[in-house]
Amino acid sequence: MPHTLAEKILLAHTDEDEVAPGDIVMVRCDVVMTNDISGPMAFRAMEQMGATKVFDPAKVVVVPDHFVPAKDTRSAELQKLLRDWSAAQGVAYYEQGRGGIEHTVLVEEGWVVPGSVIAGGDSHTCTYGALGAFGTGLGSTDIAACLASGTFWQAVPGTILVEFTGEKGRFVTGKDLILAVIAEIGVAGGTNMALEFVGDGAEALSIDERLAVANMAVEAGSETGFFPADATVAAYLDGRTERPWTAERSDPDADFAATVRIDLDALPPLVALPHSPGNVVPLAEAVGRKVDQVYIGNCSNGTMTDLRQAAEMLRGRKIHPRVRAIIVPASQRVYREALAEGLLDLFVEAGAMVSTPTCGACFGGSGGVLAPGENAITTTNRNFRGRMGSSEAGVHLANAWVAAAAAVAGEIVDPAEIAGAT
Amino acid sequence: MSLEGRAVVIRQDDVDTDVLYPGAYLNVTDVAQMTQHLFEGLDPSLRDQLGGDTALVVGANFGAGSSREHVPQAMAASGIRFLVGRSFARIFYRNCINLGLPVVMSPEAVEAASPGSTISLDLEAGIVTVDGRPFRINPVPAFLRELFVAGGLVPWLRARLDRSATVVEIGGSEE
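Line order of the protein sequences matches chains B and P.
Quick note on numbering: the first sequence equals residues 123 to 544 in my numbering.
Quick note on numbering: the second sequence equals residues 5 to 179 in my numbering.
These are calculated hints, taken from the structure and not from any lab test.
Hints may be right or wrong, so weigh each one.
[Unchecked claim] In silico contact screen, one side only, chain P against chain B (beta carbon under 10 Å); selected entries: (1) Phe-92; (2) Phe-96; (3) Asn-102; (4) Pro-145; (5) Leu-148.
Even glycine gets a Cβ: it sits at the ideal position worked out from N, Cα and C.
Work the whole structure out from these sequences, hints included.
What follows is the structure, given as structure tokens:
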């Protein structure tokens, strides 16, 4: 019987002989990840389940990253609990200043390989689909069950095949590809579905750009989203991990729920206007909107690729006098690489703030929340009302070229104009 | 399993968990404190309508976005007995089920309900009744009914972990 890639991965992680969309199965985790928000509540639920030890300490990773560095004593207490619990359980723990944002850390540190199942206490766990893994974002009680038993229940998803064809333009990035998908299928269009990203336009993407695409699969309501592993993934994993993996693909005659085609030759940079990631317009329709703050970073677009794009916009220029710019490298590795390349100096020279890796203001935690009436353009993944602070603030989602160009102009502008203005 | 409640209605679609419980309060772990921030980004006055016997009636794709379990934990602690919606976002839906908070889909029932309506839910029969008018709910898989009956994932898994440290099977270890 032909299978989709989602079915193949789940079949390899259950005791079932066959699976079909809609079946509820118990799925074994290869890795369970949690943080300073979902962790403390999960540990409490795990105790209530009567479990005192995790199912396998070698498969559990803890990364404090949300209210990091601790913004108040309550956050500090949660982070202390996380640290103490991790030590007592003997699980992997990435201390603040030695890790970064959880999803970037797990990818960089070799926890993620194609075909693996990763349960994470954060909705953007789908990011691991960049490497062909089945990453699933779960709540605290689900994570407690994963910590205690190594399993979670899962309705087998259908699959929407997302085919990217053609070649993207100079100022178009992975961010625009996934915004185009969300615009096409809607913020609930992926409900009960996995998104599988294929086509020559998908294969041409770097790992950084695939991270940006897979990261926002959840914004289309989908269970997860992934790229079948290929030579790009193999090259990335070479020397990074000891974990065994094989490259699997959907069978050509597998039963797909739908196919979505995105023509990259015709795709302009896109902007998601307030207050939904589905409120997507071509950049040209957003041009002229004034911004008070620019935020470049987070688990979708805080990679070296993003920082280099921002640097190209900001090199030799100044942040607009009215605008604050905050740059948040997604991990310590990215931070140090950007430092070594001189990008951080360039950002500071331009008048930007450079933050330590953190989820920070992306979810309204700390480090750059917005006042009523303010507008921001960000490379983050959500612009829900109140997401970055005040309910009366507006957040625009865009790629790093567009965000950095707005930092210079003080309003949303075509990066080609900034590039051509020298 | 039969439940009854008075309707509180949130009719709009795509209500996300950020407006249901803003990120600034995600460092709260005390459930009683969580209830004070429920609906804060949407309409805090909704909190005053929760009477301990509430059936929350919602639109499509309710609970989109973040996996924060603070939302259904605060809902259950605020007296919401069950939810009837057009549809739900995946993680929110899972979280409710895992906490033993019944969530069912019936667009027709949502259409029929108004604030204060008497709503009863019979999960076994697959029927939700709004002011005496019965509506069929989207079928709830047997395993999810099993979780509701058990009171959620915590008691369900606890019963299984007591028996065996490693083997967890769906429906495989009924008394």
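Quick rundown of the hints versus the structure:
| no. | hint | in the structure |
| --- | --- | --- |
| 1 | Phe-92 | 9 Å, holds |
| 2 | Phe-96 | 8 Å, holds |
| 3 | Asn-102 | 4 Å, holds |
| 4 | Pro-145 | 5 Å, holds |
| 5 | Leu-148 | 7 Å, holds |
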